[in-house]
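2 protein chains.
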Amino acid sequence: MVEFSTIECKEYTVVHFKLDEPINPEDLAKLNPPKVNCTKGIIISGRGPIWLYCYLVHYYHMTKFVATYDPRFGGAVVVESHIPSFKPGDIIEIGETESMDLI
Amino acid sequence: MVEFSTIECKEYTVVHFKLDEPINPEDLAKLNPPKVNCTKGIIISGRGPIWLYCYLVHYYHMTKFVATYDPRFGGAVVVESHIPSFKPGDIIEIGETESMDLI
Numbered sequence: 001m002v003e004f005s006t007i008e009c010k011e012y013t014v015v016h017f018k019l020d021e022p023i024n025p026e027d028l029a030k031l032n033p034p035k036v037n038c039t040k041g042i043i044i045s046g047r048g049p050i051w052l053y054c055y056l057v058h059y060y061h062m063t064k065f066v067a068t069y070d071p072r073f074g075g076a077v078v079v080e081s082h083i084p085s086f087k088p089g090d091i092i093e094i095g096e097t098e099s100m101d102l103i
Numbered sequence: 001m002v003e004f005s006t007i008e009c010k011e012y013t014v015v016h017f018k019l020d021e022p023i024n025p026e027d028l029a030k031l032n033p034p035k036v037n038c039t040k041g042i043i044i045s046g047r048g049p050i051w052l053y054c055y056l057v058h059y060y061h062m063t064k065f066v067a068t069y070d071p072r073f074g075g076a077v078v079v080e081s082h083i084p085s086f087k088p089g090d091i092i093e094i095g096e097t098e099s100m101d102l103i
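These protein sequence lines map, in sequence, to chains A and B. Note that my numbering gives residue 12 to position 12 of the first sequence, counting from 1, and the numbers run on in steps of one. Note that my numbering gives residue 69 to position 69 of the second sequence, counting from 1, and the numbers run on in steps of one.
Because the hints were derived from the structure by calculation, they are not lab data.
Any copy, or any two copies together, can satisfy a pair, since identical chains are not distinguished.
Listed next, the in silico DSBU-like pairs over lysine-lysine satisfying Cα-Cα at most 35 Å (straight line):
(1) 35 - 64
(2) 30 - 18
(3) 40 - 10
(4) 18 - 87
(5) 87 - 40
(6) 30 - 87
(7) 30 - 40
Note that the structure is a prediction, hence the values are computed from the model and not measured.
Only chain A is shown next, with the shape it has when bound in the complex (with noise of 0.2 Å):
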C-alpha cells in the first residue's frame, strides 16, 4: 500500500513514501511509518495527497524538525521545528541526483 524508505543524513532523516496504488483516507489507521531518530530532523517526501503530508507531519512531531521536499524549490520546507537553526521557512537544498529519488 504505502512503501517507506529512509535516507539517514547528518542532520536529518528522509522518509520517503511511494504509493503503489491511490490511498484512502481509512487507510491512515493502518499506516506504519518507519521509526526514526529523534534527536534529529525529518524530511517527508513522496507524491501523496495533503492529508497524508500533514498525517505525517503530526506523526513525526516529537523530532527536531519536521519538513517536506518541495521539487519547486530543490529542497525541503521546513514547516515545524524546535531547534533555533531551522525555522519554518527555510528550505533544506538536497543535490540534484539525491533528489530525482525524493519525488
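Add chain B to chain A, keeping to what the hints say.
Using the frame of chain A, we list chain B on its own:
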C-alpha cells in the same frame, strides 16, 4: 498575501485561506493565522502548497482535532485528533453549497 477567513460550526472552525499570488516559503514567518476556539476542532481549506497546509496543521495542533479539506471526498480528512470521537482518516462531510465556497 494570504487572506484568511473562518466559519464557525458546532464542533469545529473552518479556517479557509486564499492566496492572491503564489506564496513562498519565507512568507511562513509573516503569516498571521486567525485565532480559534481550541475547545473545538479545525478544518483547514484553500488552494495552496503542501508545506503551507503542514505549517498550519502544526500551528493549530493545540485544538481538539485538525482536518484538511479535500474536494475529492466531499469533506475534510482528520489528520490529527486528541479526542476519541474523531480519528485520523475520518471524513467530516461538508454540504455541497458550503464546500463550493471552500475551494
